[in-house]
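Trainee: Chains as they are written, first to last, in the working numbering: chain P, 10 to 271; chain H, 10 to 271.
Fair warning: there could be bad hints in the mix.
The list treats identical chains as one, so a pair stands whether inside a single copy or across any two.
Derived pair list, reagent style DSSO-like, types lysine-lysine, alpha-carbon separation capped at 30 angstroms [as the list claims (entries may be wrong)]:
| hint | residue 1 | residue 2 |
| --- | --- | --- |
| 1 | Lys261 | Lys217 |
| 2 | Lys209 | Lys227 |
| 3 | Lys179 | Lys51 |
| 4 | Lys247 | Lys217 |
| 5 | Lys239 | Lys209 |
| 6 | Lys113 | Lys161 |
| 7 | Lys148 | Lys64 |
| 8 | Lys111 | Lys64 |
| 9 | Lys161 | Lys51 |
Quick caveat, the hints were computed from the structure, so don't treat them as lab data.
There are 2 protein chains.
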Amino acid sequence: MNQNLIDLTSQIVDDCLQGNSIDCVILGYGNQQLKILLLQWKYSQEWTLPGGFIKKDEDMDNAAYRILEERTGLRSVFLNQFYTFGSSERSHENGVFQAKRKEKLQKILETENPGFIDWIQKRFITTGYFALVDIAKAKPHPDYLSETCEWKPVDSLPGLIMDHRAIVDKALEHLRIQLNYLPIGISLLPNKFTMLDLQKLYEGILLKPLERSNFQRKMLNLGIFNRHEKQLTGAANKAPYLYSFDKDAYHKLIEKGIGFTY
Amino acid sequence: MNQNLIDLTSQIVDDCLQGNSIDCVILGYGNQQLKILLLQWKYSQEWTLPGGFIKKDEDMDNAAYRILEERTGLRSVFLNQFYTFGSSERSHENGVFQAKRKEKLQKILETENPGFIDWIQKRFITTGYFALVDIAKAKPHPDYLSETCEWKPVDSLPGLIMDHRAIVDKALEHLRIQLNYLPIGISLLPNKFTMLDLQKLYEGILLKPLERSNFQRKMLNLGIFNRHEKQLTGAANKAPYLYSFDKDAYHKLIEKGIGFTY
Numbered sequence: 010m011n012q013n014l015i016d017l018t019s020q021i022v023d024d025c026l027q028g029n030s031i032d033c034v035i036l037g038y039g040n041q042q043l044k045i046l047l048l049q050w051k052y053s054q055e056w057t058l059p060g061g062f063i064k065k066d067e068d069m070d071n072a073a074y075r076i077l078e079e080r081t082g083l084r085s086v087f088l089n090q091f092y093t094f095g096s097s098e099r100s101h102e103n104g105v106f107q108a109k110r111k112e113k114l115q116k117i118l119e120t121e122n123p124g125f126i127d128w129i130q131k132r133f134i135t136t137g138y139f140a141l142v143d144i145a146k147a148k149p150h151p152d153y154l155s156e157t158c159e160w161k162p163v164d165s166l167p168g169l170i171m172d173h174r175a176i177v178d179k180a181l182e183h184l185r186i187q188l189n190y191l192p193i194g195i196s197l198l199p200n201k202f203t204m205l206d207l208q209k210l211y212e213g214i215l216l217k218p219l220e221r222s223n224f225q226r227k228m229l230n231l232g233i234f235n236r237h238e239k240q241l242t243g244a245a246n247k248a249p250y251l252y253s254f255d256k257d258a259y260h261k262l263i264e265k266g267i268g269f270t271y
Numbered sequence: 010m011n012q013n014l015i016d017l018t019s020q021i022v023d024d025c026l027q028g029n030s031i032d033c034v035i036l037g038y039g040n041q042q043l044k045i046l047l048l049q050w051k052y053s054q055e056w057t058l059p060g061g062f063i064k065k066d067e068d069m070d071n072a073a074y075r076i077l078e079e080r081t082g083l084r085s086v087f088l089n090q091f092y093t094f095g096s097s098e099r100s101h102e103n104g105v106f107q108a109k110r111k112e113k114l115q116k117i118l119e120t121e122n123p124g125f126i127d128w129i130q131k132r133f134i135t136t137g138y139f140a141l142v143d144i145a146k147a148k149p150h151p152d153y154l155s156e157t158c159e160w161k162p163v164d165s166l167p168g169l170i171m172d173h174r175a176i177v178d179k180a181l182e183h184l185r186i187q188l189n190y191l192p193i194g195i196s197l198l199p200n201k202f203t204m205l206d207l208q209k210l211y212e213g214i215l216l217k218p219l220e221r222s223n224f225q226r227k228m229l230n231l232g233i234f235n236r237h238e239k240q241l242t243g244a245a246n247k248a249p250y251l252y253s254f255d256k257d258a259y260h261k262l263i264e265k266g267i268g269f270t271y
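Excised from the complex, chain P in its bound form:
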């Protein structure tokens, strides 16, 4: 028996809307890989997206910001609602809450806490939000159901519970569409980065290799980067140039868009 868990889950039942949840696809870039923040459940060791519920008097957007902050310590980062998942089978199979999931939750909670288990057995419609964060600034923190909270490379994700894989795929699809009309990267990359970093980030989102010189020419033509001097070390002439975003130019381009114009 864990009194903290009982208190916490009882409070969720009292304070939150039943039937609606939030799942966050939190993306970061590190070691030339696009990564996503995942939680691993206690006991069953299954992987899930960070998520949570909406308080009865809380705006859904604010709930998403709260969940993001609880898991990463980050406030006021870019957070975007991308899709709501309303399949009747997403948490139920043939209308019946999966018995195995109920058993797992009981083990994870170290108690039956019947109020919470009953509450969470209802059909839930979940709204997906995605965030693009600087990995160096995030401090991953597991929730009450989880043992760990860690960054996993998007191109080799472990299996995820329920429809969480479809939620990740939809977030990436949304981001890929955005790349057709908006430049991105300012929230994902460190202050200074190489063109190869930028290319690897785009390749991670587009899920395809890009031709280096063509990519660099197109990106540099956007006029949103400052190039910095190479540092004079022994290997300086082999070191790639470092770039940063010219924030004014970047935000002007975001306003204008880079897609088809009429």
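Add chain H to chain P, keeping to what the hints say.
Mentor: Below, chain H without anything else, positioned relative to chain P:
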């Protein structure tokens, strides 16, 4: 007392999820105007979007298709989820269901039907879907709360209840973003149309006038139109050319996109 209404609303309470609704932004094009399908409530004469609830065992997407069919008679048209509206104040002010709205609903329903009024007083999170339909094929049909169901020009909408105006604006914003990377029009325009029809449709979505020759050159360069012979009437030489979509070319271009490529 209207027994039909009591039966219908009691069935909603029994069959549907409480707390989630759907609102449809149904767009059509006619008389060189972008139009939207609205319902006018009985008694209060207020205008609303067509909407409804999700049955307990029904996928949210299927609920949206059902509502679209109930209001327009149309099946299998293009229907796209665009955003979920989760403000805590959208149907409540300071957590209290608006007393005036309760009174209106009682008048409209010609009964108190306390079960339904209680049910609908809960906070609802609503998911917006938009459809692009051929006005000539739609058969508008009011729902149980409404007197009429009609097409209204988007550029001069009447006042709408609750946050329905914000829902319309978000749908149009979504459509404007789509125009940055996709051509549209195949679902909205009749089989044969003039370039001016196409321009008026784009102007209705983009909310700005477009320069005629530049617009026509860019559109014709997309290579997705068939030009038809002018009919030989007295005024033939002044009549504009009629075009239709080359469906194969259109769908190939949709696949490829027209936005920025990497």
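Trainee: State for each hint whether it applies.
Mentor: Verification of the supplied hints:
1. Lys261 <-> Lys217: Both, since 28 angstroms and 20 angstroms are each at most 30 angstroms.
2. Lys209 <-> Lys227: For lysine 209 and lysine 227, only the intra-copy Cα distance (15 angstroms) is at most 30 angstroms; the inter-copy one is 33 angstroms.
3. Lys179 <-> Lys51: Classified as within; 27 angstroms inside a copy, 40 angstroms across copies.
4. Lys247 <-> Lys217: within (27 angstroms within a copy, 50 angstroms between copies)
5. Lys239 <-> Lys209: within (21 angstroms within a copy, 53 angstroms between copies)
6. Lys113 <-> Lys161: within (23 angstroms within a copy, 53 angstroms between copies)
7. Lys148 <-> Lys64: Only inside one copy: lysine 148 and lysine 64 sit 24 angstroms apart there, 41 angstroms across copies, limit 30 angstroms.
8. Lys111 <-> Lys64: both (23 angstroms within a copy, 24 angstroms between copies)
9. Lys161 <-> Lys51: within (18 angstroms within a copy, 55 angstroms between copies)
This entry satisfies every hint, going by the numbered hints stated previously.
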